[in-house]
Structure formats: structure tokens, C-alpha cells
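Colleague: Here is what each chain is made of, one letter per residue.
4 protein chains.
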Amino acid sequence: MTSDDGFRGAVSLRPTPEQLAYSFGGHEPLLTVEPGTVVELSTEDCFGGAVRAHEDLPSRVCTFPYLNPVTGPVAVTGAEPGDTLAVHFADISPARDWGVSSTFPHFGALTATHATAMLHEPLEERVWVYEIDSAAGTCRFRARRSGLELDLPLDPMHGTVGVAPAAGETLMSITPAAHGGNMDTPEMRAGTTAYFPVNVPGALLSVGDGHARQGEGEVCGTAVETAMNTVLIVDLIKGRTPAAPRLENDGFLITTGHARPLEDAFRISQHDLVGWTASLLGLDQLDAYQLVSQAGLAPAANVCDTNYTMVAKLPKAVLGSAKAYDGMHERLRDAAARYLAAR
Amino acid sequence: MTSDDGFRGAVSLRPTPEQLAYSFGGHEPLLTVEPGTVVELSTEDCFGGAVRAHEDLPSRVCTFPYLNPVTGPVAVTGAEPGDTLAVHFADISPARDWGVSSTFPHFGALTATHATAMLHEPLEERVWVYEIDSAAGTCRFRARRSGLELDLPLDPMHGTVGVAPAAGETLMSITPAAHGGNMDTPEMRAGTTAYFPVNVPGALLSVGDGHARQGEGEVCGTAVETAMNTVLIVDLIKGRTPAAPRLENDGFLITTGHARPLEDAFRISQHDLVGWTASLLGLDQLDAYQLVSQAGLAPAANVCDTNYTMVAKLPKAVLGSAKAYDGMHERLRDAAARYLAAR
Amino acid sequence: MTSDDGFRGAVSLRPTPEQLAYSFGGHEPLLTVEPGTVVELSTEDCFGGAVRAHEDLPSRVCTFPYLNPVTGPVAVTGAEPGDTLAVHFADISPARDWGVSSTFPHFGALTATHATAMLHEPLEERVWVYEIDSAAGTCRFRARRSGLELDLPLDPMHGTVGVAPAAGETLMSITPAAHGGNMDTPEMRAGTTAYFPVNVPGALLSVGDGHARQGEGEVCGTAVETAMNTVLIVDLIKGRTPAAPRLENDGFLITTGHARPLEDAFRISQHDLVGWTASLLGLDQLDAYQLVSQAGLAPAANVCDTNYTMVAKLPKAVLGSAKAYDGMHERLRDAAARYLAAR
Amino acid sequence: MTSDDGFRGAVSLRPTPEQLAYSFGGHEPLLTVEPGTVVELSTEDCFGGAVRAHEDLPSRVCTFPYLNPVTGPVAVTGAEPGDTLAVHFADISPARDWGVSSTFPHFGALTATHATAMLHEPLEERVWVYEIDSAAGTCRFRARRSGLELDLPLDPMHGTVGVAPAAGETLMSITPAAHGGNMDTPEMRAGTTAYFPVNVPGALLSVGDGHARQGEGEVCGTAVETAMNTVLIVDLIKGRTPAAPRLENDGFLITTGHARPLEDAFRISQHDLVGWTASLLGLDQLDAYQLVSQAGLAPAANVCDTNYTMVAKLPKAVLGSAKAYDGMHERLRDAAARYLAAR
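First to last, the sequence lines map onto chains E, P, S and Y. Number 343 marks the last residue of the first sequence (our numbering); no jumps. Number 343 marks the last residue of the second sequence (our numbering); no jumps. Number 343 marks the last residue of the third sequence (our numbering); no jumps. Number 343 marks the last residue of the fourth sequence (our numbering); no jumps.
Wrong hints could be hidden among the right ones.
Taking beta-carbon pairs under 10 Å as the criterion, some of the chain P residues facing chain S (in silico) [said to hold, decoys possible]:
hint : residue
1    : Ser59
2    : Arg60
3    : Thr77
4    : Arg140
5    : Ala166
6    : Leu171
7    : Gly257
Below are the DSS-like pairs computed for lysine-lysine, each with C-alpha atoms no more than 30 Å apart in a straight line [to be verified]:
hint : chain 1 : residue 1 : chain 2 : residue 2
8    : S       : Lys238    : S       : Lys323
9    : S       : Lys316    : Y       : Lys316
10   : P       : Lys316    : P       : Lys238
11   : P       : Lys238    : P       : Lys323
12   : E       : Lys316    : P       : Lys316
Since the hints were derived computationally from the structure, they do not count as laboratory data. C-beta: ideal position from N, C-alpha, C; glycine also.
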């Protein structure tokens, strides 16, 4: 990044419905930007905006595999396999004053699915419409079978962020894996920097699946789904690449694991956090294993998608003066603040 | 409870080494108390105090199955199968100024184990000794292969709390299951009320496995293990029983699931939280599923024991004026405060 | 064994209903025998004989935990922890001309269960009554919702065979684990020798859960359940003990793994087969791993019980002249033949 | 098929090394054939032929992702999404008089892997070279650390057979899933008809990964890998599509499940076998569940690949006169016999 403000200009990406993609891999870039560029982009919700009312059952108004549209891909100049793409989320704001959630036949954590195949009929398919009040910072839950209403805190995030996969694969946008994708972790909020392995020239970043908020595990299979206006900055770390996406915010180093069974997702995330900690603190592997064991957090992200996602978190307080990626997160955060202030 | 202070006297239980138990079930009570009684008890660490220095490798100084000793059982007068035993932790204080942690051959989340059987040799068995400074509220990590030292916040808890199992079973104290046992969740700290199913007359509560602190997942297999002095109050809820232990503190309703694979532990905990939420808020099951999906938290507890443990947490803010178990937690919390103040 | 016939007399064990046990561990022996003794015993079916007709729904006529009764325990003189108990099944014959099978609420592989907890209502509970024709060697399936009838080959076996568990545990008879128990493998038929770890003096063998036949996986949760008259011979191998039950017949070495998830049950069984093969053929671990990888079979046993069971099988053709346990299986098989011929 | 012999001519497909593919999806057809056509094709081994001797360690001589090459794709005229592609294997013959197997770093069932992430170093990487004697029907195992040699029966099969995936995905050839792919079941031998869902026009069949033989589970991660000359016949079933590949031979209906954890692979395969059985015998779902539970077999296929594979088998004896897909298997089998006889 070269400007005094720490970012290299801003570009906008507001795809038409026809430009939306439904996979990672298999697409030419919609946009190519230099490292350090701010990208302002819009995303559609996971239902393509087709679920707006109680009667809009997803299985009727959506058509597989046209679910979970993503905006992108954005190519980043100079990104080569073996590099790391850094993506800092400066702002994630609901683009609508409503969001929706739903059950979906044979999808979710507490239902038989196509993978956890059983002889049960699907649970009832039901839609909930949430009122989003961005000024108040709330989204309003309304029960469908009682009069209960209550406000939940708005906590906007993107469920789906990733790059083109390795090995020439093209994966549905609903799959989380080593390339990122549909990780569905509430940690992917504004103020977070995400680090992705670069698998193809340009990295090919795509973003979608905005959530006004989401519980850990995304138990019923969907969050408070809504369209978003999002501001992010991209940057590059040359010559190093993580095994799976890493995240960083002001308080935590965060690693992610995407696999089934859930203990393998846990193991992947913890294994990477042990390695990252060892590297930053100059510890041998077992000393880092010990430190992570006592200091780490381990919330579920999603337990409903085609892979499950666990995240592992280490408080940066234990890092002392060590900084991940030479302070990339802090630089991008500060650049984001200047950009937003100047906007 | 009948006294003005909300508790019915206090008794002490400081077992000799010979009185320590290594199972839930299969033991006569060491003590019988009325509901509402404060119990002050001491617990030994999971190694029976035998690991005190780097050279005290657990596999040498401990003898299977004499691991993870528990204090108890304590019988509660009037407890009958189908009831709920409430246990409020008023205080959990390290009884020593040191704690230990270790790897253990073929035990932990990032190693081959007897269940996840592989052809690898065990990882190195290594002991870490922590300095506990209760006044400062810290425990000091010292790396073994570098000079790194750092203080972690003290956050005392019990890994093992439970009652006699159902169906006449006797289970090793290292197993977490529907009766509680070695759940190893950091949520079991002072200020928490735990609710257990009563499976046998008297319930037969036992407590052990104090941790000066523990990361979520207990990745390496052990926490900062230390002896504890603990103050708790027991009480009874007649005629209702949870499927597995529930916890409550001032901020959260918490359910627990104990199973393998980890997604089943997750499912059990979420299933119970959905049911509990539905019952407290008068919601139908799907409305409660939706609310938990958006408002819940889902951290790992242990991913190393004979069953894995996940917890599910709902912020009590969403409950409005509804109170779990008619305010049992608040009553026990207040009684505990009065007892500690008067002590 | 000392007689010319290779067995040391025969005793009979036909428990009254009150003598039936529902656990491994926690019971005094009904009978004590010398190694080499033939035991003729009777077993009740897993429903205690209470399900006899379509209207006898198990959830109504059976009372938890009084399910899956076992006959025993039988103590074997001289058995000490660290030894191996050998049990050869000489004959397993249905004691009735009918058997039953059923679905059971929240039990089975293709239904939500208490562990794989979901929001579905249970599948329909339905009973099937089979006609057993021992002379013809068939059991007759009759569909409940159509007129289809067909004969399946009789293949009698015991689902539940085991010894008292280690570590002083008492486990429900429906649980399979390292002590054996409810393994539900069709390999446990007449002509098979099973080897169990001895965990307590006398070993304390119990047997139950006869199946007129069973598919691999016991998918719906029950087999063709029936009472059995069974002839077995017990013997001892001093100073060696397997990690989990092993089986042997004229064609195969068979190891068993009992765990969740199913891949851990697979891993345990394969790990033991690799070790057994290495030991018998004088191979290093990796050479044995390779041989088992190319020559082994790996059928599911049960995917419905509290632990799942996989078995691993190696054709004895690859063993050349090597014999497991110095030919114990062959000796017991021959003794059994002489006993049955003389009976 | 229209000829008197039941097949519509024969074509040959012998790709150059440059024509080999490493994915399902993402490739134009090498060949387009009519339904009923015999295809004679050659396949390279999973190492691309680069592992020929003990010193050819796969991690050195192979380059990810150029592993597990497949021959194809072959387009079948008239195949449309929603149809079923039938592929009958008439002959699978080793093209060499040697095969190889190996361990591979962090790959296999009894080792830490990238998914089951652990802190262990990889197991030793070791290559075994087998002598294949097609006339004798054997392949010769030679231990590497002892003098043991023994002949195993030749049982040639293809580990990898599949079609282009649904949803526009491109998947590495080492992944088994609903499109088939690297299922690694020993059931894929000559005499078997495999049925695949058609996801794209032409279906786009590819075949590779020949095994001179393979144990169930493919425990060490590789079988006796060799190049093959294979004869197959393709045909179409219009307007019906299975959820995942089904197989049929003269003795059994066979379904497949591809997932993690292994119990989900089991569930998928059993669920499909229940549905198939219900449909062929006119049973309701629970009656079919019962029949499969008592009559079915359930061997592991692979427990090492990116998804695990279980198969479920029902003896065709229980079908009476019912025939799957109107006798497609029998017709293709007979056509294959005529073709081979006339060749």
C-alpha cells in the first residue's frame, strides 16, 4: 500500500443478478485490483432475495444449486499460489431493513439431512422475517406460533468469504473448506482481517451470505439473512500461505477448521493455532500446545453445512509484542479507519 | 431452605487420601445433608497430587485407574429418581500456590489415542508447573524449551462434578455423560448453579478435578490442575429432571452434551437448550429452534475425554422476566453471598 | 484341559428370570468352573420374552433399564487380570420356534436417537414376528404392510458376550466396549472362539441376546431376537490380554473395535489386527499394515448401540503354519465336536 | 442397444499421458458414444506409473494434485440430468506384471492426516512392489523388513469410476461423493454393473485407479496399484436417477455412501438400500428397513479418502422375481459375455 492513508484508492463492485456466482472457482474475475485497494461491494442474501415473507418457502422459491450467491471474484494483482491474501472488513452494513431466516427440508443440525440420512420426514419448513433497525442496532425476532417478540443485537457478518480452491477444483458456494467459502463464523465481522491461501493467480476473492447476526453453530441452518453493503481492503503477503483461513481482530488470533466429523474441524483449527502460536512466540510445538490448551477459546461456527466449521481463538494478550504478519491487521485496520473517516 | 439467610447450616468434607473415589456410582455416601446445606469441601488434583515437578511424568507416578479422584459422594436427603439436584458453587479457591499440566501418552485432542487408534508412537510426555498467585489472580506459564514466561488469568473451576449414574452403572470419574462427571467445561466456576438428574436416592454428588484455569476443548488433555477448597450449596427440585446437566449463571442458561462424535455432543446440548427455551418462553419447538439459532453460543468444553463435551449457551437477556426453575439460581446465589459474607 | 476328550466335564446354567442380569460388572458369579469346562446355558431374548406379538410394543412391555438380560456371570477358576479368557461356541440353537424384531423409539441407525439428538418425532414402533424352522434352517420374514413373506437362512449368534469391565466399572448390558458386551456381530456364531481380556479375578463371563440371524450393522436396532440354548467351552490363556475382544474361526482372525464415531471403531479393530498379524508372522508394524490393507475384510457389526462396533478380518490362509494362541481355537473346536458327538 | 449381440459396436480409448485427467468435471469429452457401446480403455495407476521401485517414494516422484489420473471423460449420447448411466464392467485385466502399494505421509486410516490433524510426524513412507501373475491369478506380497513372501488372490477392480458432478462442481479425482469418483470399493470388479446419476448432458464417465486387489477399508491408503486394460459397456436408463452410485452383480444389490464421519457413509448407503428394496418389493419403508436389517451386509470400502465410503448389500435371493432396472444388469452381463466370446 502506498498512499499516505494506507490504502490505494477505492473501487465499487455492485453485481447485477446475472453476475452473481454460485461457486468458488470456475469464474473469470469481475474486477482486478492492486493490493491495498478498498473495495466497496454489495451482496445479495443467501436466498437471492427471493424469500421475503412467511409464504416464501425456500424450497419453493429457490432452485438448487442457485443458492448462496457470492459477489466476485475479485482478482488481486500479483497474487500467486503460495501467497496469502489479506482481507480486512472495514464495514458490513445491512442493505435492507429486513432479514429472513428459515428451516429448510433436511438441512440443519437438529434434523436428518442428506448426509445424516434417516427415515424421518423433514421438519416443517418455516420462515421468520426480522425487522432490522440499523440505527438502534437491533433485529427483531417474532415468533410464528406465539406473540413473543424480542430484539436481538445487530452483529453483521459475512457467512461466505473465500478464494478459488486449490487443485483446479470448483466448489459450490455453500461448502466451507481450506479455501474459505461458507464458513459461517460470527467472527467474520467488521474489524476483522481474514487471511486466505492463494491457490490461483489473482487469488479470486468472493464474498456473500450476509448475516444481520448469527448464533454459534448456525443450528437451524440459516442466520438472519440479508443483503449487505460492505467495505473491505485487500492486501498481499508474499511467499507464505496458511493451510486454511486465519482471522485476526484487535483481541484475538483465530484459526478455522472445516471438516466432518466436528472433532476433525476442531483438530484442524487447534493444530493451526498451535503452529501459529509456536511461530509467533518462538515456542516448540509442545510448549505452544500447552499454552493454547490453557489460554484458547473454541466456539463452533457452523454445524450444518457440507463441512462443519470450528474456530480456535488465542487472546493476543499472550503474544506480548509479537505481531502476526508483521502487523498487517493493525495497518489495514488503521487504513480502514482513515478511509471510512474520509468517505 | 429455611434459614433467614437462605441456607441450612454448613458442613465440611475433607476426605483422607483413602476416602477419595475414582468413580461415579458404586460408593456409599461419605456425608448426608439436607437440601439447602452449605458444603465446604476439599478436592485433590487429577493426579492425586503425585505430579509436582517436571520429572514426575504422570504415566510413571500415577496408576490407572487411580486417576481423577473425586470427593464424595454426598447424599442429599429426599432426593429421588426423577428429581433435579441443584448445586451452586459459591467459591472455588486453589488450595496450593502451584498447579501442573502435562501431556499424557495417547491422550489429548491432537494425538492418536486408544479410541482414535493409530500407528504413531505417543507424543513426548512433558510436565509444566504453574505458579498460582491467588492474590494477583494469575497463574504463570513457563515454557519448557524456551525462556518464555507469562501470566494467565486465574479462573478456577471444577472439571468433574456429577451424581451416581442411571441404570445401576458405575463409571470411571474420567468419563463425562448424562450424570455429569468429567465434563471439563470452564463454565463450572464460582457463581454457577449446576442442575443434575437424580438417578438414585440421595443423588450422590461428587466433585473433583480442580483447574486453576482451562482453555475451551482442554486440547492437550489436562488443564492447570490443582487442589481446591470449594464452597457449594445443594438444593432439590422435585418431580422434574433434565436429560443431562444444565448450568446457569447470572448471564446465561447453559446446557451440556456428552458424546462422540463431537457433533452429537453439540446436538444433545442444542436439543436441550431448544427444549428449555421453549418451555421458559412458551414457544413451540421450531420457534425456540430459531431463537437459539440466532442468539446462542456454542463453545467446546472438552475434546479429549472418553466422551466429548459441548455446551450451548443462551443469554438470559432474551428470557425477559422468565426464570429457570422458579429462580433457584438467584436464590442460591444470594444465599451463597450471605454465607460467604458471614464466614 | 485334561480329559481325553479335551474338555473337563459339563455344567448347566439355566437362570430363573430373577437371576438374569442387566449389566457387566456388579454381580456375584452364578457359577464357578474350571478352565476346560463345557457350559450349557440358556438365554432369554433381549426383550426378556415380553414381546411376542405385533401389539407387544417394546416401549410398553419392557421397562428401562431391564432390557437385554444376560445369563451369568460365570467365574473361571484361575482367571486373573492380565489373562485372556477363551470362549468357544460349540452350539447356539434357538429355544423357540419364533423370534421377534422391532423398531424402538429413538433407537437404530436411520433415526434420530438420544445421542444423535434431533427435533423429529420417533419413527413408528413396529413389531415383526418371525417363524423359526430349525429343521429347515430358516426364519420367515412377514411384511406388516403387505403380503410379502420370505425365508431367510437361520444363522444363530449371540449379540452380547463379555466379561466384567476394567477399572471397577459396571456397564449396562446394551453397551459394547473393551470388555465385550453388546457387540452384535454376526461373527459370534457356533464354531467361533472369542478371546476376552480378564479384568477381575474369575473373568465373570455373561452371555445373552440371541439372534436367529442379524444383518451387518443391525440397522433398525434389533435382530431376529430369540431365546437360545447354547453350549460353550471356556479356557484360559495366562499372562497375555487383548485390548478388546478377538474372535477366531476356521477361516479368519477377527478383531473388534467399539467406539464412536464409526471410524474410531474401525481404527481400533484394524490397529489390533495389524498388531496381531505382526506378532503371528514376525512382521514389523508397517509390513503388517500393508498386508492387512490388501488382505483384510471390514464389515460393520452394529451401528445402533451406545458404542458402534466394526470388525476386521484376516483370512487365516495368509498365516501359513502360524497359529493364534498356540492353536487354542483348533483345540477347543475339536473338543467341542467330541462333546457334541458324545452328548 | 440394438444389435443381436446386445451391444452397439466397440470403441477404444487409450489416452496419452497428456490426456489423463485429475478431476471429475471441468473436461471436454475425449470420446462420445451411443448407449450400448462397448468401450475398451486403458488406465494408468494412481501414481501415474511413477512408483516402480522401493526408492520411488510417492511424495518425491509424484506432484500434487497430479495424482490418481483417470481415463475419460466419455460422453454418452442422450444422457441428460435426471437419467441414470449404467456401466457394466466386462473385464478388468492388469496391464503389467507388477503393482505397487505404499504408505504416504499423513494419508491412511491409522495415521494422523490433514483432516484428523495431530502433532505426530508422518509414519515412514514405504513402497511395496507386488509381482502380478495373471495366469496364476495371484499377486505376491513381499515384506520389506523380513523375508516373508506370500501370494494373495488377484481380484482386479477400479477404485475410481464416476461422472461429472452436479451443481457445476469440479472435484479432484481422489474424492468419492455422490457422483462416484474414488469410491475404492472392491465390489467394482468385472461382472458388476454400476449405476450413476447423470448430472450433465453426456454424463461424462471417467475411470481409473486400477487395483490388482484391495482389502476392505483400504487401510494404509493404497491398494495393489496397477495399470489396467478394461472392457465396459455403457447404457442409459431414462428419467430416473439414484442419489449416489448403485452397483449390482449376479448376487447382490449394492448401494454406496460417501461421507464423513463413517456412520454417515453407512447411513447414506443403508438409506438408499432401504428405498431400493422398498421400491423393488412393493414394501413400505419400515418393512424394507426391517428386511435390510436382517438380510443385509455392510462392508467398508475406503476409510482413507477425502470422504469415506461404506457399501450396503442385499442378496438378490430375497428379491424373488423382481429385477432392478428391468433387468439391465442381466442384459449387459449377457452382452458382455457375447462380446468377450467374439473378441
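Colleague: None of the hints should be skipped; say for each whether it holds.
Modeller: Here's how the hints hold up against the structure:
1. With a cut of 10 Å, the hint placing serine 59(P) at the interface with chain S is violated, because the nearest CB-to-CB distance is about 16 Å.
2. For arginine 60(P), the interface hint is violated, the least distance from its beta-carbon to any beta-carbon of chain S being 19 Å, above 10 Å.
3. The interface hint given for threonine 77(P) is broken, as the beta carbon of that residue sits about 25 Å from the closest beta carbon of chain S, more than 10 Å.
4. For arginine 140(P), the interface hint is violated, the least distance from its beta-carbon to any beta-carbon of chain S being 35 Å, above 10 Å.
5. The interface hint given for alanine 166(P) holds, since its Cβ lies 7 Å from the closest Cβ of chain S, which is under the 10 Å cut-off.
6. Because the beta carbon of leucine 171(P) sits about 6 Å from the nearest beta carbon in chain S, less than 10 Å, this interface hint is met.
7. The beta carbon of glycine 257(P) comes within 7 Å of a beta carbon in chain S, closer than 10 Å, and the hint placing it at the interface holds.
8. Under the criterion of a C-alpha separation no larger than 30 Å, the hint pairing lysine 238(S) with lysine 323(S) is consistent with the structure, at around 17 Å.
9. Taking the CA atoms of lysine 316(S) and lysine 316(Y), the gap is about 29 Å. The hint holds against a cut of 30 Å.
10. Restraint check for lysine 316(P) and lysine 238(P): the C-alpha separation of about 23 Å stays at or below 30 Å, so the hint holds.
11. Of the pairs offered as hints, the one joining lysine 238(P) and lysine 323(P) holds, with about 17 Å between alpha carbons and a cut-off of 30 Å not exceeded.
12. Restraint check for lysine 316(E) and lysine 316(P): satisfied, since their Cα atoms lie roughly 29 Å apart, inside the 30 Å limit.
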